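> Make a model of the complete structure from these sequences and hints.
Under UniProt numbering, the first residue of the sequence shown carries the number 1, and numbering increases by one thereafter.
No wet-lab data here; the hints were simulated from the structure.
It cannot be assumed that every hint is accurate.
[To be verified] Okay, the calculated beta carbon distance ranges per label pair:
{"#": "1", "residue 1": "PRO18", "residue 2": "LYS59", "range": "41 to 51 Å"}
{"#": "2", "residue 1": "SER71", "residue 2": "GLY42", "range": "33 to 43 Å"}
{"#": "3", "residue 1": "ASP84", "residue 2": "THR22", "range": "15 to 25 Å"}
{"#": "4", "residue 1": "GLU128", "residue 2": "ILE21", "range": "16 to 26 Å"}
{"#": "5", "residue 1": "ILE57", "residue 2": "ASN154", "range": "16 to 26 Å"}
{"#": "6", "residue 1": "THR22", "residue 2": "ASP136", "range": "15 to 25 Å"}
{"#": "7", "residue 1": "ASP136", "residue 2": "GLU74", "range": "36 to 46 Å"}
{"#": "8", "residue 1": "GLY42", "residue 2": "PRO18", "range": "12 to 22 Å"}
{"#": "9", "residue 1": "ASN101", "residue 2": "GLU74", "range": "15 to 25 Å"}
{"#": "10", "residue 1": "MET116", "residue 2": "ASN154", "range": "23 to 33 Å"}
{"#": "11", "residue 1": "THR141", "residue 2": "ASP162", "range": "32 to 42 Å"}
{"#": "12", "residue 1": "ILE83", "residue 2": "LYS158", "range": "16 to 26 Å"}
{"#": "13", "residue 1": "SER102", "residue 2": "THR134", "range": "34 to 44 Å"}
Remember, it's a predicted structure, so these values are computed and weren't measured experimentally.
In this text, a Cβ means the ideal position worked out from N, Cα and C, and glycines have one as well.
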Amino acid sequence: MEPKLPWQCHSQEFFNYPTVITKSSIHLAGDGRFSLQEIKNGSIIRTSPIITLNQYIIKKQKGCIKINSYSELEKLKEHLKQIDDIDIEKYLSWFFFGIDNSLFLYTESFHINHSMNNNVNPIIKYNELQEISTTDIDCNTEFFWNYNNFKFPNFYYKWCKDNNLTNVIDIINNINHMTIHE
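Okay, structure coming up:
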């Protein structure tokens, strides 16, 4: 099997509940991930090990890659360009997320979109990234993060600027601004 880019991988791995990826309920958002059963508030939806960039590149481990520096970000970009060179920088800027000023990328995408009414929060616990439900979630309900809660390290913003990319927070701020004025 040919290697895939993280956002092309749609595994059920690490999920504690059955899910499906299909068209998002958010206009122009692409795909989203939906629950296939009811989930109680406070439940752990997904638990992924936090891995290093070398564990991903060299050992082909799956989980949630923690990117520790600008140079690691460049190393990841160059590695992914060997798989497929199409808009790597743009896709990376979209699929990164930040917790406690640390930068992360799933090796297999969650496909979770933004909503101010999020129903999932990512937390770091025991060197794992856990996705916790913040409310009861009905069957066939789309999962959402509130991207405004992300806390990115400064090197992520610099990398986006150096590559002429819009970072996730600015994208959300632009969407929020357009929504308010429509």
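> A separate judgement is required for each hint: does it hold in the structure or not?
To see whether the hints hold, each was checked on the structure:
1. Taken as a hint, the range 41 to 51 Å is violated for the pair PRO18 and LYS59, whose Cβ atoms sit roughly 28 Å apart.
2. Remark: the range hint 33 to 43 Å for SER71 to GLY42 is upheld by a beta-carbon distance near 38 Å.
3. At roughly 23 Å, the beta-carbon separation of ASP84 and THR22 lies within the given 15 to 25 Å, and the hint holds.
4. Against the hinted window of 16 to 26 Å, the Cβ-Cβ separation of GLU128 and ILE21 comes to about 22 Å, which satisfies the hint.
5. Taking the beta carbon of each, ILE57 and ASN154 are about 24 Å apart, inside 16 to 26 Å as hinted.
6. For the pair THR22 and ASP136, the beta carbons lie near 21 Å from each other, so the given range of 15 to 25 Å is met.
7. Between ASP136 and GLU74 the beta carbon distance is about 42 Å. The supplied range of 36 to 46 Å therefore holds.
8. Judged by the Cβ atoms, the range 12 to 22 Å given for GLY42 and PRO18 holds: they are separated by roughly 19 Å.
9. Checking the proposed 15 to 25 Å range against ASN101 and GLU74 shows it holds: the Cβ atoms sit about 19 Å from each other.
10. Distance hint check: the CB atoms of MET116 and ASN154 are about 25 Å apart, consistent with the given range 23 to 33 Å.
11. The hinted range of 32 to 42 Å is satisfied by THR141 and ASP162, whose Cβ atoms lie roughly 38 Å apart.
12. A hinted range of 16 to 26 Å holds for the C-beta pair ILE83 and LYS158, which are about 25 Å apart.
13. One distance hint, 34 to 44 Å for the beta-carbon pair SER102 and THR134, is violated here, with the actual separation near 21 Å.
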